[in-house]
Amino acid sequence: MTGVRPPSTIRIFVRLKARLVVNGVRRMTRSTWARVGFAFAVLGAVGAAALGFGMALGLRSFWDPHEQHRILVLVTFGIVMGWWFGPILSGGVDETIDPARLSLLPLTRRQIRTGQIAAGFVGLSPLMVVTWVTGIVVGMARSWSVVPMLTLCGVVVLLAALVGSRSLSTSLARLSRSRRGGDLAALIAVLGGSTVFAGLQLIRFVTPEQLDAAARVLRWTPPGMAGEAFELASGGHELPALWRIAVLAAVVLIAGWWWSRQLDRLLVEPARRTGGRLDDDNAELAIFGGRRAMLPRTPAGAAVAREFIYLVRSPGRRASMLGGTVLGLVYVAPVAALMGFDDPRVVLVAPVGMLFALQYASNQLGVDPAAFWIEVAAGAPHAARWAGRQMLGVLAVMFPVLVSTLILAVWTRGWLELVVVLVTMSGASFAMVGVGSVLSPLFVTPIPDSGNPFGGRQAMSGTGCVAGIIGMLYLVLVGVLVAPAELAMRWAWQSQPWWVGVAVALGALGLNGSVWWASTRFAVRDLPTKELDVLARLDPRLNA
Amino acid sequence: MVERSEAARPTPETRAVVVRGLAKSFGDKVAVGGIDLDVPRGSFYGLVGPNGAGKSTTIKMCTALLRPDAGRVWVDGHEVWADTHEAKCRFGVLPDDLPLFERLTGDEFLSFLGMFRGLAPEDVASRCAELLDVLDLTSDARVLVADYSTGMRKKISLAAAVLHAPRVLFLDEPFESVDPVSARTIQDLLRTFCAGGGTVVLSSHVMDTVERLCDHVAIVNLGHIVLQGPVDEVRGGRRLEDVFIDAVGGSHRTAADLDWLAGRNGDARP
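Quick note, the sequences are listed as chains A and B, same order. Okay, so the first sequence: first residue is 1 according to the working numbering, each after it adds one. Okay, so the second sequence: first residue is 1001 according to the working numbering, each after it adds one.
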């Protein structure tokens, strides 16, 4: 016996998480784009942490008691909900919570739980939130005597955020083991996440009275009660603060119990077959079965058929389409709010709703990257390969635009604008995917197909940030393509003879069609020179 | 006779695969350090070597999946990196890491690939059915590839590699993680392929398999070919495993040195 005590499980988990974070950063040094993304992520996190800390410190100095109450309730509620849904929506996969990686280890349930909680506080985002809560504790401390109660409140808030997040992600992971369960999990995550996102987007349009109304409701929720507890503890009202903290602590215990139960099942239950046996049909070629029978029996037809199949069967892609549509709608809302919801012209901003689906147009080669080698090895015609990806891109960008456009048109009775958007986008979507085909080999970012609808694996690697930056730049390009055509068409159809409107529409379609034709032609010629570089950048070992 | 890598250089037209001076480095690490290979037509050629020897990298460079830093490769007379399309029509490949189209069923995967290979739809249909039957996958043809076992994935990948009736097959560790029944099925298919004039280049570190299946072998170590030639000549009357260990050099320490494992250092076992 050596006499040296082995490190505790908590230390092991914390070291493991820290090592995973550090290795993730080291691996980024291989890619300039990932370095850029990581630098932005660090800057953003540090800036947000400093800003939040500073504002929390000045809570008592700059806001009156009424405003303090409102801010504490809303911010505490936001912190807890953000931690619950944020990691799921960002596609973050924390390997320390992956039961498959833990099932071989001789750990008790208690060790796993405590280890995972400790590991949960390691990383940029957790440190940012811990900084905010610390700021609230320090900022609200009027005297040393209230510090213990404020600290207790802060600890319970952080535990509620973390344990709730673990409980939710473990439950969703278990749910995701079946196809329908995966869809339900995606729906829960998207609705929860889009509510948080909508709150962040719309907060600047909300009046103080509306914020007060929200705080009055949210103060009865456990996180809102904890927000009030900060205020009460700061004023020396220990008992009222304590029972509010106790309510949130009860939530922690219930969430912890549920998490433990789900974790146990995940550890011992085998993964169910995700798809099972699919129905037979009598297609002469399986790839052209069902409604795909109408497609031509060509390589391009096969490529398009494969994308149709993936749209239906890939949980990640279904979740992405659903999330892209809902979040797109949420993104359109503040823009429309700025213009006024009673103005039919707000329909013209509906194309902004495609923001979260743009990667299917601008990053076509990054979709399902692991199997890209098969196309390279098969030496398939490049035009055929682009045909499938462009079809996916057109569907991906058109669907959220269609949903946003219809909702805004019905709301504002902007029927002329509805037609303008549909005509414009039917041409512009092709121009976008054409340009996207040229850009995709240059800025390819892997979007792995995963059985886990939230397993985008773009978080914590900088690639998600890069994808976001490229997406924003691409949106500017889209604006250049779409906005002039929309405005010209609306002007022509509103105030000119009918033939002018038709001519403008045809002109816009022709222009977009030319952009699509020229860029696709370029992409078809260009791909052979770049596909090996793309293959190397999509190597699953690099992106695991 | 056993050839060293500097040996005579036949023209590509007389061999199924010819490799000259193939090299690849990843940063400071030399994965393949300029190798030459000559694979006779109709042969069953084994590339053997320890882990990290450069076998998979070599196969990827031979199949236009990884661009070499230097060197040339001819497959069935077509230079892979100059005449890539023609070369790809003549070989099939089964890589080791096997990322496939997980959301397609087995038969959809094969028919998709058949169409991508430019085969006539009726040929694709008949070949898919036959391959699924031969590889005992017919009953799982409508199951997603994501739900396939490791052995089934190997078999469907092999079916994808031979679907277009290539002249040369490159297989990276085709028998790894495969059960004996599936391994026998794959071996039978490969023997049939060779009997019909096809050439198989496979990598493995299982010497028994290589000794039993292959008629030619190249031993790769640290990115270089140490020995190559007909199996019987390379063996020289010994077991291939012994020749292999002599060629690549064994570890300077053995498992027998692990005193704690053998319970020789007095530590109490839990």
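Among the hints, erroneous ones may be present.
Computed cross-link-like contacts, SDA-like style, restricted to lysine to any residue with a CA-CA straight-line distance of at most 25 Å [unchecked claim]: (1) A:Lys530 to B:Asp1083; (2) B:Lys1029 to B:Asn1221; (3) A:Lys530 to B:Ala1023; (4) B:Lys1029 to B:Gly1071; (5) B:Lys1029 to A:Ile469; (6) A:Lys530 to B:Asn1221; (7) B:Lys1029 to A:Ala293; (8) A:Lys530 to A:Trp411; (9) A:Lys530 to B:Asp1096; (10) A:Lys530 to A:Leu416; (11) B:Lys1029 to A:Leu20.
Hints in this document: simulated from the structure, not taken from any laboratory.
Structure-based check of each hint:
1. A:Lys530 to B:Asp1083: Roughly 16 Å separates the two Cα atoms, so the pair holds.
2. B:Lys1029 to B:Asn1221: The given pair, whose Cα atoms are some 14 Å apart, holds under the 25 Å limit.
3. A:Lys530 to B:Ala1023: OK: Lys530 (chain A) and Ala1023 (chain B) at ~20 Å, within 25 Å.
4. B:Lys1029 to B:Gly1071: Cα-Cα ~17 Å, so holds.
5. B:Lys1029 to A:Ile469: Outside the cut-off at roughly 34 Å; violated.
6. A:Lys530 to B:Asn1221: violated (31 Å)
7. B:Lys1029 to A:Ala293: At roughly 50 Å apart (the allowed maximum being 25 Å), Ala293 (chain A) and Lys1029 (chain B) break the hint.
8. A:Lys530 to A:Trp411: violated (47 Å)
9. A:Lys530 to B:Asp1096: holds (23 Å)
10. A:Lys530 to A:Leu416: violated (44 Å)
11. B:Lys1029 to A:Leu20: Holds - the C-alpha atoms of Leu20 (chain A) and Lys1029 (chain B) are around 24 Å apart, at most 25 Å.
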